[in-house]
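With the hints as constraints, model all of the structure from the sequences given.
There are 2 protein chains.
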Amino acid sequence: MLGDEEARHLTRVLRLDVGAVVAVFDGRGREFHAVVAAIGKHQVELEVGEPKVPAPEARIAIELLQAVLKGDKMDDVVRDAVMIGVAAIQPVVTARAEVSLATLQRARRRERWERIAIAAAKQCGRAVVPPVREPVDVALLIGAAADATVPESRVMLVEPGASAGATPLSGLDPAAPSQASLLIGPEGGWTSDEVAAAAASWRLVTMGGRTLRADAMATIAVAALFTKWGEL
Amino acid sequence: MLGDEEARHLTRVLRLDVGAVVAVFDGRGREFHAVVAAIGKHQVELEVGEPKVPAPEARIAIELLQAVLKGDKMDDVVRDAVMIGVAAIQPVVTARAEVSLATLQRARRRERWERIAIAAAKQCGRAVVPPVREPVDVALLIGAAADATVPESRVMLVEPGASAGATPLSGLDPAAPSQASLLIGPEGGWTSDEVAAAAASWRLVTMGGRTLRADAMATIAVAALFTKWGEL
Numbered sequence: 011m012l013g014d015e016e017a018r019h020l021t022r023v024l025r026l027d028v029g030a031v032v033a034v035f036d037g038r039g040r041e042f043h044a045v046v047a048a049i050g051k052h053q054v055e056l057e058v059g060e061p062k063v064p065a066p067e068a069r070i071a072i073e074l075l076q077a078v079l080k081g082d083k084m085d086d087v088v089r090d091a092v093m094i095g096v097a098a099i100q101p102v103v104t105a106r107a108e109v110s111l112a113t114l115q116r117a118r119r120r121e122r123w124e125r126i127a128i129a130a131a132k133q134c135g136r137a138v139v140p141p142v143r144e145p146v147d148v149a150l151l152i153g154a155a156a157d158a159t160v161p162e163s164r165v166m167l168v169e170p171g172a173s174a175g176a177t178p179l180s181g182l183d184p185a186a187p188s189q190a191s192l193l194i195g196p197e198g199g200w201t202s203d204e205v206a207a208a209a210a211s212w213r214l215v216t217m218g219g220r221t222l223r224a225d226a227m228a229t230i231a232v233a234a235l236f237t238k239w240g241e242l
Numbered sequence: 011m012l013g014d015e016e017a018r019h020l021t022r023v024l025r026l027d028v029g030a031v032v033a034v035f036d037g038r039g040r041e042f043h044a045v046v047a048a049i050g051k052h053q054v055e056l057e058v059g060e061p062k063v064p065a066p067e068a069r070i071a072i073e074l075l076q077a078v079l080k081g082d083k084m085d086d087v088v089r090d091a092v093m094i095g096v097a098a099i100q101p102v103v104t105a106r107a108e109v110s111l112a113t114l115q116r117a118r119r120r121e122r123w124e125r126i127a128i129a130a131a132k133q134c135g136r137a138v139v140p141p142v143r144e145p146v147d148v149a150l151l152i153g154a155a156a157d158a159t160v161p162e163s164r165v166m167l168v169e170p171g172a173s174a175g176a177t178p179l180s181g182l183d184p185a186a187p188s189q190a191s192l193l194i195g196p197e198g199g200w201t202s203d204e205v206a207a208a209a210a211s212w213r214l215v216t217m218g219g220r221t222l223r224a225d226a227m228a229t230i231a232v233a234a235l236f237t238k239w240g241e242l
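Keeping their order, the protein sequence lines are chains A and B. Sequence positions in the first sequence follow the working numbering and run 11 to 242. Sequence positions in the second sequence follow the working numbering and run 11 to 242.
Hints in this document: simulated from the structure, not taken from any laboratory. Please read all numbers here as calculations on a predicted model, not as lab measurements. Hints are not guaranteed to be accurate.
Since copy identity is lost for identical chains, a pair holds within one copy or between any two.
[As the list claims (entries may be wrong)] The calculated lysine-lysine pairs, modelled on DSSO-like cross-linking and capped at a C-alpha distance of 30 Å, are: (1) LYS51 / LYS132; (2) LYS132 / LYS83; (3) LYS132 / LYS80; (4) LYS51 / LYS62; (5) LYS132 / LYS62.
Written out as structure tokens, the structure reads:
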């Protein structure tokens, strides 16, 4: 049974009728062939059939922790991150993010990013929709008690010269972790306070000496980590 | 001495006056501090001073051979390819590119992409502007006589399942070449004829099992190759 919005999309936009064959997925990795069985005013009944083979999920589950970008640039980041294959998206509010948690909540931005994640998963053939988590303040992520040793799989991307403790991506252990976290800053970059606070619990990593667009960083960095760890 | 367009930008858009300090670069790797010495009606005279230190160039010179994409998507590809650090851009017309060489020439698209490359180089701190070559037909690239052995540095990106001879990116030799070519198809992908013809002279490579946006492929693939070869 499809709800109002999906049913309207199916009957008004796609103009499908009873008997049409569609694909449905449950958002947790399974996709099915289905046939439109009945069309009501606010809902559509589907007869669900055989499971389909979806695009494979990445073996390495990367959680993208992305500073919220200006305007609707975050929409593109969410879409491309889902398509390249991240496991989860955690929006982060930082000193230079120029937006507050309250504003994000009032504008229901997380709900918007969730809809974008669903559309992107459909488009790229993934049957798993990565969750878009409730935005958090960066202090919650970097203010945690320092670990004895920082795991190589907790990567914070910093600009060249941001910290003496930063290493190029090529310095990471090529042995693939089963999961990793990738923390990426906003257009204006991290403040020196943020970098200093994070150094105890994150591996500070640089990627080349050229400036890249903030909204292109996530896909580039995920592609680089996937390559480093043999996923691509 | 600056010509008409740059002079107008400097005086009308940036509203700089005599005495203002600017940076100029010669497009071949050198950047200089300069002072506005005199402003004429159609030109501006600069006093050129000390050289600046630009962003480092990549050690591996990757030539991006990109199928022309629809609308202005190619503009974004050129911009991001320059920012991530390719050495040259070769636009390619393919069977599914939906544009002809004559149309590209009539619309002076190469000149447009050159201007975008210059702007992107400025923005990311590169003093070298990668050349944007005259568009060519893909047959010229893939119809060449087959080499005895295809070098690992001639990479043609293909979809998973496009060819039995394709290998994942992880299968490439990690030893970094000094230069490489990267051939990327259009939105609709390569035809099976194109893939078959290219197999003799290009290394067919796949990147993961998920569908990616055509206009995001170039930066993702360059990032992956740079990572594979220790450049990032």
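We went through each hint and held it up to the structure:
1. LYS51 / LYS132: within (25 Å within a copy, 56 Å between copies)
2. LYS132 / LYS83: both (20 Å within a copy, 22 Å between copies)
3. LYS132 / LYS80: Both: 26 Å inside a copy, 22 Å across copies.
4. LYS51 / LYS62: within (29 Å within a copy, 68 Å between copies)
5. LYS132 / LYS62: Answer is within; shortest intra-copy Cα gap is 13 Å, inter-copy 48 Å.
Checked against the numbered hints above, the structure violates none of them.
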